[in-house]
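K.L.:
Going down the list, the sequences are from chains A and B.
Numbering-wise, the first sequence is residues 1 to 263 according to this note's numbering.
Numbering-wise, the second sequence is residues 1 to 532 according to this note's numbering.
Careful, some of the hints might be misleading.
[To be verified] Which chain A residues face chain B? A few, computed with CB under 7 Å, are given here: (1) L73; (2) A182; (3) T183; (4) G190; (5) F193; (6) P196; (7) L197; (8) V198; (9) V201.
[Unchecked claim] Under the rule of at most 20 Å between Cα atoms (straight-line distance), these lysine to any residue pairs were calculated in the SDA-like manner: (10) B:K398 - A:V206; (11) B:K398 - A:D204; (12) B:K398 - A:H205.
Hint data in this document are derived by calculation from the structure and do not stem from the laboratory.
Just so you know, these numbers come straight off a predicted model, no measurement behind them.
Glycine included, each C-beta is placed from N, C-alpha and C at the ideal position.
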Amino acid sequence: MSNALHAEWTKFRTLAGTWWLLVAAAALTIAVSAAAAAAFSCAPSACAPERTGVDPAKLGLTGVAIGQVLIALLAVLAVGGEYGTGMIRLTLTAVPQRLTLFTAKALVTAAAAVAASVLAVGGSAFAGWLILPARGVSAGNGYVPLTLANTADLRAVGGSVLYLTLIALLAFGVTAAVRDSATGIGLVLGLLFLFPLVSAVIPDHVLARHLEQLAPMTAGLDIQATVGVPALPLTPWQGLGVTAAWAAGALILGAAVLRRRDA
Amino acid sequence: MTTIAPYRSPAAHGKDGFAQALRAEWTKFRTVRGWVIGALVGILAMAGIGLLASGGGQASCQSAQAGAQGQQSSNCAHGISYLLGPNGEPVSDNFYFVRQPLAGDGTITVRLTSLTGRLTPADANGSSLVPGLVAWAKAGLIIKENLNRGSQYAAIMVAADHGVRMQWNYTGDTAGQPGTVGTANPRWLRLARSGDVITGSDSADGTHWSQVAAVTLAGLPSTAQVGLFATAPDNNQVTTSFGGGSGVSGGPAEATAVFDQLGTSGGWTAGQWAGQDVGVPEIPGTGYHQAGGQFTLTGQGDIAPLPAGHGGPADSATTVSDYLVGTFAGLIALVVVAALFVTGEYRRGLIRLTLAATPARGRVLAAKAVVVALAGFVVGLLGAGIAILAGQAITRAKGHYAFPISGMAEARVILGTAVVTAVASVLAMAIGIIVRRSAATVAAVVIVIVLPYFLAVASIVPLSAGDWLLRVFPAAGLALQQPYPAYGQVTMHYAPISGYFPLSALAGLGVLAAWTAAALALAAYLLRRRDA
Chain A
1 MSNALHAEWT KFRTLAGTWW LLVAAAALTI AVSAAAAAAF SCAPSACAPE RTGVDPAKLG
61 LTGVAIGQVL IALLAVLAVG GEYGTGMIRL TLTAVPQRLT LFTAKALVTA AAAVAASVLA
121 VGGSAFAGWL ILPARGVSAG NGYVPLTLAN TADLRAVGGS VLYLTLIALL AFGVTAAVRD
181 SATGIGLVLG LLFLFPLVSA VIPDHVLARH LEQLAPMTAG LDIQATVGVP ALPLTPWQGL
241 GVTAAWAAGA LILGAAVLRR RDA
Chain B
1 MTTIAPYRSP AAHGKDGFAQ ALRAEWTKFR TVRGWVIGAL VGILAMAGIG LLASGGGQAS
61 CQSAQAGAQG QQSSNCAHGI SYLLGPNGEP VSDNFYFVRQ PLAGDGTITV RLTSLTGRLT
121 PADANGSSLV PGLVAWAKAG LIIKENLNRG SQYAAIMVAA DHGVRMQWNY TGDTAGQPGT
181 VGTANPRWLR LARSGDVITG SDSADGTHWS QVAAVTLAGL PSTAQVGLFA TAPDNNQVTT
241 SFGGGSGVSG GPAEATAVFD QLGTSGGWTA GQWAGQDVGV PEIPGTGYHQ AGGQFTLTGQ
301 GDIAPLPAGH GGPADSATTV SDYLVGTFAG LIALVVVAAL FVTGEYRRGL IRLTLAATPA
361 RGRVLAAKAV VVALAGFVVG LLGAGIAILA GQAITRAKGH YAFPISGMAE ARVILGTAVV
421 TAVASVLAMA IGIIVRRSAA TVAAVVIVIV LPYFLAVASI VPLSAGDWLL RVFPAAGLAL
481 QQPYPAYGQV TMHYAPISGY FPLSALAGLG VLAAWTAAAL ALAAYLLRRR DA
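Chain A extracted, bound-state conformation (with noise of 0.2 Å):
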């Protein structure tokens, strides 16, 4: 297993392409963060949270939702690569138990998404630290300000690290299955922006609290919510679960596929 892990490493960290792609979703988090944060503006008169109906650390993380496509992407280029190139095929060679292989392949390519995403959700909150307060949503006005010192804001960006490590393992889970890379990828947004974008139109109310429910993406981030947390459709941490439940059917498809096809 060992050698097996440091074999993937070795494969993961010596690919030029895996370092940019880390760095971009980190930036691309942080930046997007940092514009949404300094996009919000408020009357002096009518910034009370009851009237601007902001979450401090929503607003602060904002960039999670686009720097997940990245974390995605890594994902499923960490396993469709392999399929792309037939490298896939000297890899089983090497090492033929196919379940420690798809296991040290999972574990190196969640460490690296854990890695990115505590320098993109760290450098979220740490922007939206500096510039929030400054657009409105400061203890003065009766916020809770973005800091790591209270459960809730822990919570937040602590959360927003595990969604986005599930959100790398589902990736990993649906390119192992379908062993193409567009196609994870294709399926891997669809899966995650879909869902929102149909309970938003949805006639039926309580269908579209049920979808939101059910979605990898709107119920895993319910974990970013400090603010009118009783009225969420799931707890934060059950909301998680969900995404956990969608990262590991994922996995076991796609540990299934690559232990009974041929590569």
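We have chain A already, so just place chain B on it with the hints.
P.N.:
Chain B alone, transformed into the frame defined by chain A:
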């Protein structure tokens, strides 16, 4: 010595032109099973998700706004029908009318000296009205076909925040003199009838008149209802919360207008004026009284088109935009196919054979673009066509209300969707040639087309930023899917989720096409420049 003649194939020389390159690319496309399946998946996903979004389950009663103006019944989503105007579009027609029937041609003139009102404040918990005017509270002169709601009319009026307006048949609206009205700055208004032509004029002093508009009301009967009106639409304030979408708060409002110097001339000889509500007011308080030559009218409602969309007065009606939400699923499937159509050649090395067979590289690119565009067009056309036509049938079969749309507008939206998917597919193909990696191509196209729309719709970014995203990114092309016009004379949150886009259809297509042209130009340059 024998000479050996080199072998010459007896087959005739093949032609080498664009048609051959096109045929080659088309053959490649249709014979790769995965690509054809991908395109079919695109059609099915577009249609299927559209049907789910439109016909799924029962509409909740909370979404039907009880007492919305112009609504004839509000029995949840079932049995709702909206009042229709002369052109078949849903309209509001509620106001207070001081009128009398007048035959033939003539002119009516009045001076408006005051426009005040009361409204339900946006953050009201109770239903008490406070002094204030909604932006489109309006009062003035109107000539109406008859007293039936939804009948033809033309009116010259002062709107609270929008100056003098000439409006007719609900959708027509032309601006006259700007500014508010008061005793120090009264407004003179005049309507003149000549056959079917109604001319509206305004004046600040009663002597210097300027024409605002002349409109034709086809088939206006010889005797029409002519008089004064006052009305004020509901005070609907749109509040948006981050990540939580937008909501509407507020409630009924009323307008009180004071007129004097009322006079008729031309063929019209005024008899007795009589007052009545047109439509049923939401709260009591409408009416008029006459003292000397002064008329004071208080009215509620609106004489205007009813805009479609979420959070508006017609919230519970399913709109064409709802059926089109599956476009994104179809788009993602198409982007995957279009990316693989070129990146697959690089991965397998087929591109070297392709370029050996057709050394004119620009021609290869053009042929690929045509094939991909065709595939995208067909997927968009079938996906949107099935989603809209079947969606409407299902909505009606379930007893829900489908917001009316003209056949022309429907065809325009379906065709517009096909154009968007076709151009977006070409964009994906061009990016595929530039980056040569299928997954990166798919991610890039999704980031520039699907994500801006998602961010704008999910209220994740502020409204102004969302509008900006839909102006600058290729997602602007989605404006081709806008089914209904946004009416300036009706206050509503014209949001992308309801099918209203910040750019016009043509400007949006221009933005998408500009991105695609730039990507194609770069792809052509790199394809010539780099070894395959």
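K.L.:
Hints first: check each against the structure and report whether it holds.
P.N.:
Consistency of the hints with the structure:
1. Using the Cβ-Cβ criterion of 7 Å, the hint placing L73 (chain A) at the interface with chain B is satisfied: the shortest such distance is roughly 5 Å.
2. With 7 Å as the threshold, the beta carbon of A182 (chain A) comes within range of chain B, its nearest partner Cβ sitting at about 3 Å, so the hint holds.
3. Interface hint at T183 (chain A): satisfied, since its Cβ lies 6 Å from the closest Cβ of chain B, which is below the 7 Å cut-off.
4. Residue-level restraint check for G190 (chain A) holds (minimum Cβ-Cβ distance to chain B is 5 Å; threshold 7 Å).
5. Hint status for F193 (chain A) relative to chain B: holds, with the closest Cβ pair at about 5 Å, below 7 Å.
6. Hint status for P196 (chain A) relative to chain B: holds, with the closest Cβ pair at about 6 Å, below 7 Å.
7. For L197 (chain A), the interface hint holds, since its Cβ comes within 7 Å of a Cβ in chain B; the closest pair sits about 5 Å apart.
8. Interface restraint check for V198 (chain A): the shortest CB-CB distance to chain B comes to about 5 Å, inside 7 Å, so the restraint holds.
9. About 5 Å separates the beta-carbon of V201 (chain A) from the nearest beta-carbon of chain B, less than 7 Å, and the hint is met.
10. With a C-alpha separation of about 17 Å, the suggested pairing of K398 (chain B) with V206 (chain A) holds against the 20 Å cut-off.
11. Under the criterion of a C-alpha separation no larger than 20 Å, the hint pairing K398 (chain B) with D204 (chain A) is consistent with the structure, at around 13 Å.
12. Proximity of K398 (chain B) to H205 (chain A) is assessed by CA-CA distance (about 16 Å); at most 20 Å being required, the pair is judged to hold.
Going down the numbered hints, you'll see the structure goes against none, and every one checks out.
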